[in-house]
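Colleague: Spelled out from the first residue to the last, the chains are:
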Amino acid sequence: MTDTGSWLGDYALTLSHWLLVAGAVAGAVLLTYFLLTKLGVKRESATGIALIMPWVLGFLIFSLFPFLASFYLSFTDYNILRPISLEKLPPLVGFRNYVYAFTEDPNFWPSIRLTLLNGAIGIPLGMAGSLFTAMLLARNVKGVGIWRTIYYLPAVLPAAAMALLWRWMFNPSNGLINTILSPVLWLFGWDKPGWFTDTNLVLPSYVIMGMWGIFGTTTVILLAGLKNIPSDLYEAATIDGAGKVGQFRNVTIPMLTPTLFYVLVTSMIASLQLFTVALFIQTPRSAGQFLNVYIWQQAFGAQKMGYASALAWILMVMTLILTLLVFRSSSLWIYYESEVRQEKPPGARKRGLFGGLRATQQASGAEGTVGGGH
Amino acid sequence: MKPRTFSTFSLMIAVIMLLTACGDSGTPATAPTNTAPAAAATQPGPAGATDVPATSAPSGNKTKVILTTWAGADEAKELQVVIDKVNASATDFEIVHQPNPADYYTKIQTMIAGNTAPDLMWLSQEYVANYADNGAVLDLTDMLGKMSDMPAAKLDDYYPGTLEVARYNGKLWGLPWIAAPVMLYYNVDAFQKAGINPPDESWTWDTFKDAAKKLTVKDASGNVTQYGTSFNGWPPVHMFIWQAGGEVLSADLKSSPIDSSEAVQGEQFYKDIVFSPDYAVPEAVIKEQGFGEMAKAGKVAMFFGGAADDLDYAHAKDPKNADLKIALVPKGPKSRTTFAYTAVTVASARTKNPEITTKALAALTDGIHHWKVLAPRKSLATVDVISASVPGKKDSAPIIIKAAEDMRGFRNVPRQAEWDTIFWESFQDLLYHDKGTAADLAKTARPKLEEVLPK
Amino acid sequence: MATTARTQAQRISEQEKVQSKYGDIKREKKVSNSVTYFLLALGAAIVLVPFGWMISTSLTARDQLFVYPPQIIPNPVAWQNYLEAWNALPVSFTRFTANTLFITVLAMSAEILTCSLVAYGFARFRFPGRNIIFLIMLSTMMLPGVVTLVPQFIMWRELKLVDTYDPLVLGAWFAWGPSYIFLLRQFFMSIPREIEEAAIIDGANAFQIYWRIMLPLVKPALLAIAVLSFIGNWNNFLGPLIYLNTGEKYPMIMALKFFEQSLSKEAPLFHYMMAMSAMMALPLLVLYFLMQRNLIEGITVGAVKG
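Protein chains in written order, with the numbering used here: chain S, 1 to 374; chain P, 1 to 455; chain F, 1 to 306.
Since the hints were made in silico from the structure, they are not lab data. Nothing here was measured: the structure is a model prediction, and the numbers come from that model. Here a beta-carbon is modelled for each residue, glycine too, at the ideal position from N, C-alpha and C. Watch out, some of these pointers could steer you wrong.
[To be verified] Cut-off 25 angstroms, straight-line C-alpha distance, at most; resulting in silico cross-link-like pairs (DSS-like, lysine-lysine): (1) P:Lys77 x P:Lys64; (2) S:Lys227 x F:Lys30; (3) F:Lys160 x S:Lys227; (4) F:Lys30 x S:Lys244; (5) P:Lys154 x P:Lys372; (6) P:Lys317 x P:Lys193.
[Stated by the list, open to error] Computed from the model, here is a short list of chain P residues facing chain S with C-beta under 8 angstroms: (7) Ala113; (8) Ala136; (9) Trp371.
Construct all of the structure, not just a fragment, from the sequences and the given hints.
Modeller: Written out as structure tokens, the structure is:
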């Protein structure tokens, strides 16, 4: 069955398509350039537009079109097993899917709850832990590189491997965690916790696992942020008579807010889109599913593609609202050094979602000495 | 990435740019060219042609028939032995096994949806009506009729109650490859100690209930050391409803009379025992200790299990396990109907060569019938066949054969999954947890159940 | 590398000078230092113990799996687990590994090329609507992938490309990964314009400048993105889960799921799962150790530089 001939056949097919698409994309870039210059567009503009063509095409084909199609599907009861074509689009059923999700589906709210709480508990805890560790590392300890290497390790482990590993460690009867905890359990006369198998402990188990997983990434990012704070600020604070706590409150935190903001946004989006990990762990149904997993199950398992599309849209609106809230609030607590400096990107005065996005851009440095020089 | 790789890429792109016409943008719409069967499918091709185009080179002129199952690593190895035998005697097909043990149904549905369904697939009985209704599986009625020389295609050899699960809308959609009737397993030592005769054909619901009470043993401080029985969600409550003469789905699939007086009688019997500490293992204890472990450790005196379970010969394999024997299920007010766990092999509606696929299905099914207990065919219900399939089952074989006469599967509707969910959430779960009487709960649940029945 | 180490050392010594100037009592510093190292070591232990447990389980014999208390060092050490697991499935892991590598390399290289091209376009050329388009691109990061999942699946199905590797790699040519574009744009913007201007005077066109001048200059960033993209594609699960159906075409991550045996009555084969998880993680760990510096720069640059 595993004869090499069929391997190469499988690969050759995709490889040929891969090259073909490469050519097509390159062709599209060139074509755009020539068309635009023919139309009398300035060379600089034409080049710029041509260069971003791969993304524009991808956006239209793989984002915008599916995005609109999924909006349509969310108002149908399309079944996965039935064929679909432009002539025979599944009929509209109105808001039934949305109404069903919010009022009837017994699995909807537990899933929302699990998804949101996992983020709401896990992210702040993770950030606090990471900040603490990053500050320890910033204390001129020896071998920062080695510590950093170790702490970042979990982020390199494949999500699937991490999920299997933690499921195994959380194994109630003879898992590593319960074995380590056994003296404590014995002392208080408690039973072994069921972790992923116990409806009430599913959430804490995910939070613990999640902290282990993202802890390193966040630490590394925050450490870089800390190292970036000019030491003259600390000197100035010390001269002003600020103690350790004062320094932390008046120098470290304000200077670190852009980094914290970046970490918050990225981990929020990541936690709302959790999928692989959850698929490798079996939990009781009553504990709810992560929304992404539930959507996938509804689409491909329960055959309800229409309903799944509606759920996906609910998830998206939820993500947008949360992101918007974070961005909106950002002006209240983020301190931008570069705001007092120069080179604002055009239009930075406008706030709102895009204004906030611009803020991240800014936070991540429009100038700076990145690249090449290291 | 090394600079050299980059320049290779640049070279490649340059070449492609030269070769590709400028207007050619977008994704390639070219169909895969190397998958010969796909190409063959687009040709009209005479149905039932025996001279299959020699497209699948590695296997000569044998048609490749892809089989997808939920078999895990170990089961797949056993199944491969069966398949190898079937393939060796086949002249025109070669079955290729592609197990997909994880998220099985989601996976095969994704395959069906992607127009890449395997030719043959295993389905648990609940899915047949649903797949048939959605046009995903092949109607085998006529083709199997023409193949009655193949042992597994002789339909009158099957136990009627098992073949029924493969029928929907008057047509046959698959062949059952296993039908494991629910049996009563009992702990020999526990019965001896309590001075109770082992369960036999004279047992009724009342005998069972009395015994369960007597077999629940407590120590001096009131802790239960041995439980009388367990209804750990198994057998399905349906079995007792049937035994009382009721139904959960009418024969025409148009109603769910779970509130009939017969049905309520069965439901009530189940409820009285299910989590009652006088008879059965409480829910929390099962969750904590795991039912299988408790049974093997002899902590449960008698319980229901499938005929295929290894519990009755676990003691012979390892004396640490409790000595369990098998018996018929107790008789209900109307009958001794027992539920048969039934699974079928179906063929994809889009299989390229329906005739050969059906032939492969029949041949494979016969092969599996000599591997699994119990094969749902009367001619194979012998001690010899059973002990040849699973030697450990030799002693239990006569009783299993006896039970087979009364076995049946579920009736199923296209929206079976939804029906089952409603049945569980709006009825069974509430009933077990004492949220109302069987009659009341059944009355409120019935309209909800009937909402998802075919109109 | 040497430069970084030196600047770091310099920075440390400078800071130490600052600190001693403001007179921390030495003893207190010693105590707090040992507390620091203790906490760091504790954290490292929390990170490393699960890795150790993974290796330990992967070397445990099947009948020892559920023994209580679990053995830290398996007895006997079942080295053969790796070989057995490698061949335990109908398809060998050799094929699974080759598939994973194939998918990863194709997707990664296409991704790097197009993302850098697009990033260059955003960074260096002014055109109408540039900022809006850039923001739209950034906000696609927030779109949950599942929203487009169903229609995308139907698209690939209509192209008859389900159960090929195509859906997993072809999209990469369309500058997948807004975060990579964002990151590379930051790097491009940090390069002084004078360098290009010289080339323009020499008559080079935009593509030549991109290829000969800009790309080499952002090599560290490209490497970082290569590592990130490699990890991302190596671990991609949703794609293969939906688009691949034939066992022979599966990447390693799908094969891992086989050991779970969910519908079979068999118990999950954790020793095999851990062994193959380790095998799947190994290339990533090696890559990480080799490319650490680039990778860490890559993940931090988006957040801090500036």
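Colleague: Double-check Trp371 of chain P for me: the hint is only fine if its C-beta lies closer than 8 angstroms to a C-beta in chain S.
Modeller: This hint is violated: Trp371 of chain P lies away from chain S, its Cβ roughly 21 angstroms from the closest one there, beyond 8 angstroms.
Colleague: Hint check: Lys154 of chain P vs Lys372 of chain P, CA-CA at most 25 angstroms. Holds or violated?
Modeller: Holds. Lys154 of chain P to Lys372 of chain P sits at ~18 angstroms (cutoff 25 angstroms).
Colleague: Going straight from one Cα to the other, do Lys30 of chain F and Lys244 of chain S come out at no more than 25 angstroms?
Modeller: holds (17 angstroms)
Colleague: Given Ala113 of chain P as an interface hint, is its Cβ closer than 8 angstroms to any Cβ of chain S?
Modeller: Cβ of Ala113 of chain P sits 4 angstroms from chain S, so the hint holds.
Colleague: Given Ala136 of chain P as an interface hint, is the shortest Cβ-Cβ distance to chain S below 8 angstroms?
Modeller: holds (5 angstroms)
Colleague: CA of Lys317 of chain P to CA of Lys193 of chain P, is that 25 angstroms or under?
Modeller: holds (23 angstroms)
Colleague: Going straight from one Cα to the other, do Lys227 of chain S and Lys30 of chain F come out at no more than 25 angstroms?
Modeller: With Cα atoms ~22 angstroms apart, Lys227 of chain S and Lys30 of chain F stay inside 25 angstroms; holds.
Colleague: Between Lys77 of chain P and Lys64 of chain P, does the CA-CA distance stay at or below 25 angstroms?
Modeller: holds (19 angstroms)
Colleague: Would the hint linking Lys160 of chain F and Lys227 of chain S be met if the CA-CA limit is 25 angstroms?
Modeller: Not satisfied, since the Cα-Cα distance of roughly 52 angstroms exceeds 25 angstroms.
Checked against the numbered hints given earlier, the structure breaks hints 3, 9 and satisfies all the rest.
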